[in-house]
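Visitor: Protein chains in written order, with this note's numbering: chain A, 1 to 160; chain B, 1 to 160; chain C, 1 to 160; chain D, 1 to 160.
Fair warning: there could be bad hints in the mix.
One side of the interface only, derived from the structure: several residues of chain B facing chain D at Cβ under 8 Å [unchecked claim]:
1) F33
2) E56
3) H68
4) R96
5) L111
Over the 12 Å line for every Cβ pair with chain B, so calculated as not near, a few chain C residues [what the hints assert, rightly or not]:
6) S34
7) F59
8) L63
9) E122
10) T138
11) D147
12) C159
Sample of chain C residues at the chain B side, in silico, Cβ under 8 Å [said to hold, decoys possible]:
13) F33
14) D37
15) P38
16) G40
17) Y43
18) A45
19) M93
20) W156
Think of the hints as simulated: they come from the structure by calculation, not from any bench.
All C-beta atoms, glycine included, are put in the ideal place defined by N, C-alpha and C.
Protein chains: 4
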Amino acid sequence: MAVPRETAAAARRRDLAGPVPAGAWRTEVPVRFSHCDPAGIVYFARYFDMLNGVVEDWFSEALGIDYHDMIGRRRTGLGFASAGAEFLSPGFMGDRLTCAVTVERIGRSSLTFRIHASRGDEPVFAARLVMVTTSLDTHRSIPLPDDLRAALERYWESCK
Amino acid sequence: MAVPRETAAAARRRDLAGPVPAGAWRTEVPVRFSHCDPAGIVYFARYFDMLNGVVEDWFSEALGIDYHDMIGRRRTGLGFASAGAEFLSPGFMGDRLTCAVTVERIGRSSLTFRIHASRGDEPVFAARLVMVTTSLDTHRSIPLPDDLRAALERYWESCK
Amino acid sequence: MAVPRETAAAARRRDLAGPVPAGAWRTEVPVRFSHCDPAGIVYFARYFDMLNGVVEDWFSEALGIDYHDMIGRRRTGLGFASAGAEFLSPGFMGDRLTCAVTVERIGRSSLTFRIHASRGDEPVFAARLVMVTTSLDTHRSIPLPDDLRAALERYWESCK
Amino acid sequence: MAVPRETAAAARRRDLAGPVPAGAWRTEVPVRFSHCDPAGIVYFARYFDMLNGVVEDWFSEALGIDYHDMIGRRRTGLGFASAGAEFLSPGFMGDRLTCAVTVERIGRSSLTFRIHASRGDEPVFAARLVMVTTSLDTHRSIPLPDDLRAALERYWESCK
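Extracted from the complex, chain A is given alone in its bound form:
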C-alpha cells in the first residue's frame, strides 16, 4: 500500500470516529466494575464482549429478529469472521456509553457493520465487525436467512 503507515492509521481513526447517521439505532451500556482492570479502565477484551450484547439488542429491537432463536432453534451461527476496534479514549467505571450500529455492507453470507461508542460527544471506541451466518451443524457459511437480509435492508434504508 502506497499510503504511509502513520497517515493510514490516522485516517482510519478519523474515519472510525466519524459521524454516525442520525437514523442509526443506539443503546446505552453501563461500564461495570468488572469491565475494568487494575489500570482502572475498561479491559479491551470486555469491550468485545459488550459489543456482542449490543448486537443481540440491535437484532431484537432494531431488526425485529430473535438472536437467541436464530442460534438456538434455527441452528444458525452468528459468529464473526473478523473483529477489530480502535480505542480512542479510555472508558471508566460508571461511564454510560452510547453505542450506535451502522451497516457497512450486506454480503451473500456475511454482514459488515460498525459500532461507535461514545461518552456524551466524546468517541470512546469504534469497532468494525464481519459477521458470517453459518450452519451450526457443519460450521460452514450459509446464505443470510431471508428474514435477516430483509431486516438488514430495511435498517440500511432507515439509516440514510
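Using the hints, position chains B, C and D against chain A.
Guide: Relative to the frame of chain A, chains B, C and D by itself:
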C-alpha cells in the same frame, strides 16, 4: 482504496495467516469449556482475553520484562490503541492452540505486533495489536521505557 | 453438625429458594449469548459476574450510594469474603431473570445479603454474599462507612 | 442452628483453610492481569472461572477422563448445583496459586469436592462445589457415568 473490497479482504486473510518466522516465541494455550459458547466454538471476545495472557507470558519469557511489575509498581499502562483479529477456523473445546508473537513495528510510545494461533498446521486466528505505553496517573501515552524498547529490539533481531 | 447432610442440603435449597419480601428491590437481567456455555445454559461463573452488576445497580438505585465513587475516589473496597450460590434450574439464552436483594445481616465491617433470581415464578438461583469494606491501600477491613450503614438500615426497614 | 453465627463462620473458614491430603492432585494457576479488578486484586467471579479450568485439568490429569469429550461427544453435562468460596486473602497479579482438589462425597448423580488455593503456605481461597451429571438433551440429572465413578473412587483412595 483502489483494490476491490473482496480482494483486499482475501489478501488480508492470506497475509495474516502467513508464515511466522522460525525464531518467533511460541506458547501453547488450551481451549477451555468456558471459552466456548452455545455454538460450541470459542466465543470471539474470549480470544482477545486469551491474547492478553499470551502477551503477559511473552513479556516474561521472551522479553524478560515483568508485565505485572510494569503495571503495578511502575504504573505504566500496557493497554491497546487498536486490536483486531481474523478468525480463520473455529476453535473447539480441548484444542491446544499454538500462539506465536511477531513484532511488526516499534514506535516511540507504541508497539505493533501480531499473534498467530494455529492448531497443528491449521491457522485458527491471526490478530494485530497496537499496544501503547501510558502513565496510569494521567492515562496519556509515554515513551516506551528503555528496558522494554531494548528487549523488543533484541526480540526483533532474534526473529529475523 | 447433627443434621444429616442430605437433609441440611435440602433445607438450604428450600431456604434459598424461599419467598422474598415484597419490599425488596428488584432488577431484571437479560441472559446473553456470552453468558452461556457449550451445554447451552448459563455458565456458573457468569452468574457471579452478573451478581456484581446487580449489586452495583442496587447500590445506586436502592441505597443511593455511588458504587464506583466508593471504590474509585473513596478508595473503599467492596469485595467479597464469601460467595456462594445454589443453582436451582438452568438459565437459557434470552431469559430475563428477576433478581431481588435481601439484606441478612449488617455487621461492623461486613454485610451479608442474598440475591434470588427467578424466571417468572420459577427460582433459577439463589446466592448468599458476604461483602467486606476494606481500605484499598492496605486491603484490610474497615468499618462500614456511615452513609452506607445508614442506607443499609433504611433498606432493611423498607423490606420488612 | 444453635451455633452462634460468628463462631460458625470462623469454624467454616478454619475448616476450609485446613490441611489438604498429601496425595491430592495439585496444579498451578497464574493470576493474570485480566483476572484483576480496579481494586488491583482478583475479581471474585474470575476465581470461579479459574476453578472450572482446574476441574478440566483434574479430570484429564488425575482422573484420566476427557472432560471435553464428556460434554461434547457424550452429551453429559458437568455443571454445578452449588458453588461457594471463602476468600481468605486477596490474590494479586503475578501470583501463582497452587490449587488442590479434594473429593468430599461421591453421590449417585453428584460429586461434592473442594478446591484449596494457596500462595506458598498462605491460603488464598477455598471453594466447595457440587457437580451434577446431567443429560444435555433434557438437562435432568443422570447417574455418574461408570468410568467417572470408578476414577473418582480411585482418586478418593489415593488421597487417603
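Visitor: Now, for every hint given, state plainly whether the structure supports it.
Guide: Comparing the hints with the structure gives:
no., hint, result
1, F33, "6 Å, holds"
2, E56, "6 Å, holds"
3, H68, "4 Å, holds"
4, R96, "11 Å, violated"
5, L111, "16 Å, violated"
6, S34, "6 Å, violated"
7, F59, "25 Å, holds"
8, L63, "30 Å, holds"
9, E122, "20 Å, holds"
10, T138, "16 Å, holds"
11, D147, "28 Å, holds"
12, C159, "35 Å, holds"
13, F33, "6 Å, holds"
14, D37, "6 Å, holds"
15, P38, "5 Å, holds"
16, G40, "5 Å, holds"
17, Y43, "6 Å, holds"
18, A45, "7 Å, holds"
19, M93, "6 Å, holds"
20, W156, "36 Å, violated"
When the structure is compared with the earlier hints, violations turn up for hints 4, 5, 6, 20 and for no others.
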